[in-house]
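Colleague: Each chain, letter by letter, is given below.
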Amino acid sequence: MKILIVEDEVALAESIVQYLEGEGYVCEMALDFLSASRKVHDYDYECILLDINLPDGNGLDIIRELKAKQKTAGIIIISARNSTADRIMGLDLGADDYLVKPFNLSELSSRIKSVLRRVYFSGNNEIIFNEIRVDLNAIQVFVHDELVQLTKKEYDLLLFFLSNKNRVLTKESIGENLWGDYADTLDSLDFIYTHIKNLRKKLVDKGLDNYLQNVYGIGYKFNTRLTDETTS
Amino acid sequence: MKLLVKTGLLIVTVALFVFFFGGIAYYKIIQSIFINYVDKSLKEQKTEILAVLSTHADVDKLVILHDKQLNIHKIKDFGSEDEILKDTVLLDSVENLYMPMRMYRFKAKGLETNYEVRIFSPMVEAEKLIAQTVLTMTLMLITFIIAMLIFNRYFFRRIWDDFFISLSRAKEYNLRDNPILDLKNSDVEEFQILNDVLKRLTERIHKDYQNLKEFTENASHEIQTPLSVMKAKTELLMQDESCTPKQLELISELNIGISRLSNINKVLILMTRIDNEQFTDLTKIDLKERLEYHLNNFSDIIESKEIEVDVNIKNSIVMQMNSALADILIINLLKNAIRHNFEKGKIFISLDSKAMVISNTGPDHQIKGSDIFNRFVKSNNVSESQGLGLSLVRKVCHVNKFKIHYDYKNEIHTMTVDFRRN
Chain A
-14 MKILIVEDEV ALAESIVQYL EGEGYVCEMA LDFLSASRKV HDYDYECILL
36 DINLPDGNGL DIIRELKAKQ KTAGIIIISA RNSTADRIMG LDLGADDYLV
86 KPFNLSELSS RIKSVLRRVY FSGNNEIIFN EIRVDLNAIQ VFVHDELVQL
136 TKKEYDLLLF FLSNKNRVLT KESIGENLWG DYADTLDSLD FIYTHIKNLR
186 KKLVDKGLDN YLQNVYGIGY KFNTRLTDET TS
Chain B
132 MKLLVKTGLL IVTVALFVFF FGGIAYYKII QSIFINYVDK SLKEQKTEIL
182 AVLSTHADVD KLVILHDKQL NIHKIKDFGS EDEILKDTVL LDSVENLYMP
232 MRMYRFKAKG LETNYEVRIF SPMVEAEKLI AQTVLTMTLM LITFIIAMLI
282 FNRYFFRRIW DDFFISLSRA KEYNLRDNPI LDLKNSDVEE FQILNDVLKR
332 LTERIHKDYQ NLKEFTENAS HEIQTPLSVM KAKTELLMQD ESCTPKQLEL
382 ISELNIGISR LSNINKVLIL MTRIDNEQFT DLTKIDLKER LEYHLNNFSD
432 IIESKEIEVD VNIKNSIVMQ MNSALADILI INLLKNAIRH NFEKGKIFIS
482 LDSKAMVISN TGPDHQIKGS DIFNRFVKSN NVSESQGLGL SLVRKVCHVN
532 KFKIHYDYKN EIHTMTVDFR RN
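Protein sequence lines, in the order shown, are assigned to chains A and B. Position 176 of the first sequence, counting from 1, maps to 161 under this note's numbering, and the rest follow consecutively. Count along the second sequence from 1, then add 131; that gives the number in this note's numbering.
The set of hints was computed from the structure by calculation and includes no laboratory data.
Covered stretches of chain A, going by a simulated chain B footprint (3 or more residues, C-beta under 8 angstroms):
#1 88 to 95
#2 202 to 208
The calculated EDC-like cross-link candidates involving lysine to aspartate or glutamate, where the alpha carbons are at most 20 angstroms apart (straight line), are:
#3 Lys186/A / Asp431/B
#4 Lys138/A / Glu423/B
#5 Lys138/A / Asp431/B
#6 Lys182/A / Glu434/B
This structure is a prediction, so every number in the text was calculated from the model and none was measured. The C-beta atom is built at its ideal place from N, Cα and C for all residues, glycine as well.
Work out the full structure: start from the sequences and follow the hints.
Modeller: Here it is, written out as structure tokens:
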């Protein structure tokens, strides 16, 4: 999977690359409109992260270029602008998602996975990880091919963890991903614990290893390595 | 008090004073003129009498001296030559009334004997004179006031017309809708100066406002990028396996701080955008539906605080407003009611065509009245609060011409959004 990151702020672009490479993607950076335009022209990418405010051009023109060449890349706009008009314009041109700065890298990773699934696996839409199988069309989760009854929030939570395996996810980023504006950093985020506890219990009850681990004081981690170590 | 009324009253007051003292002066002058005249004629009579007395011996036979207004009697010693002019009264036998008289008493040397002579001359009664003066003055006063009022009404208004036009234009001036203050030129110098000053001031204010708007917007957007970098870097740092739990905690706190900064910034951008009227497209919003939708999204948080919610909405309330602003209004009011609540507290929500009332149990935060809607005003109890949510609520209410009212009584905070636009 190749991802192009178009972002003029080097420090941010490098952070994104570092995080996404950890997820197993191949990443390339373009720091201005010209190099982005050239890269899009010469290569194919599965996903493009696009900052629309570039010093030498408007990122939206890159979308137009892609659409003109009929390239099938998932496009996620990353922008400091948060108005409905900006969103609508981007999405109308053919962007798949719109993420407002500043964002969590875990959130970005989860959006990329979702966009890639939509663009490339529209038929058979499943996530399989060891004994877990998630049917994204039916919104159902199976462990050892046995259906697990999850609430909507528990389902979303599991997807968020599966998109960010072996990552420390803070309570704040989980709150932001699942509850959006309704839970900000100001609120007590204890309610997240209840949902995680329930999800963990339901999964473990079906015979799943305990991947969901507490990271003391800050959040949670879907740890797949620990189980590798214990089983091997 | 209106300018016209004020000048009218001033004219009447000054006129009353002028005519009162003028009346007194008028009376005194008339009186002294009259007395002068009487005294002069008395002195002429004296000369005549002195001439008669010095040439005739038998005074009693002199017909001209037989007058009730003349009184002559003999005296032995002439003594000193003293004469007196004074006011006195005489009984009028016909009307049986005391009549005011001017009396002139003097001594005269006759052929055989000396005389003391008193001459009287009738005076106008003081009351009559006063009455006449008052009548004259009152008539003049009334005429004057009527004339002044007519003048005030027609001419004064015409003179001040340019001023009133400028005043009403300045009153309707709105920094946002119509930044140029359009004033009519005046041929009155002072009014023209006033117009020029007003124009200069509003131009200046408008320029400052424009600069401030641009600055806020640009600054807020520029801040988002470094914040993104900070957020990304802390998140990467968190993934570093070599971090100790203590270090992880520090990084996490750093991350929370960044998130809060970014939240404050987002709200400030939102406020600027509302100010810049970027939320003007209106649709029909079912407030009942929106309220229930948002309440449902808050349900996890409400349940975790074990808050009991009592919703009292009978019918759908449809309002013509911007959907994003409606959501901002409802989300922030609900968030406020949840955040400043007790564990196991209560929230009461009622909605009808007149108002939306959201009240919640909660500790006293010692914020007085409408201060609660000011930016960055926050309670001591919830130190993480930014104090921006309610000023956002007020802004949305203001845009929609709703009235927002806050009340705290018996540990219950009540927010009332009054929809009646008047």
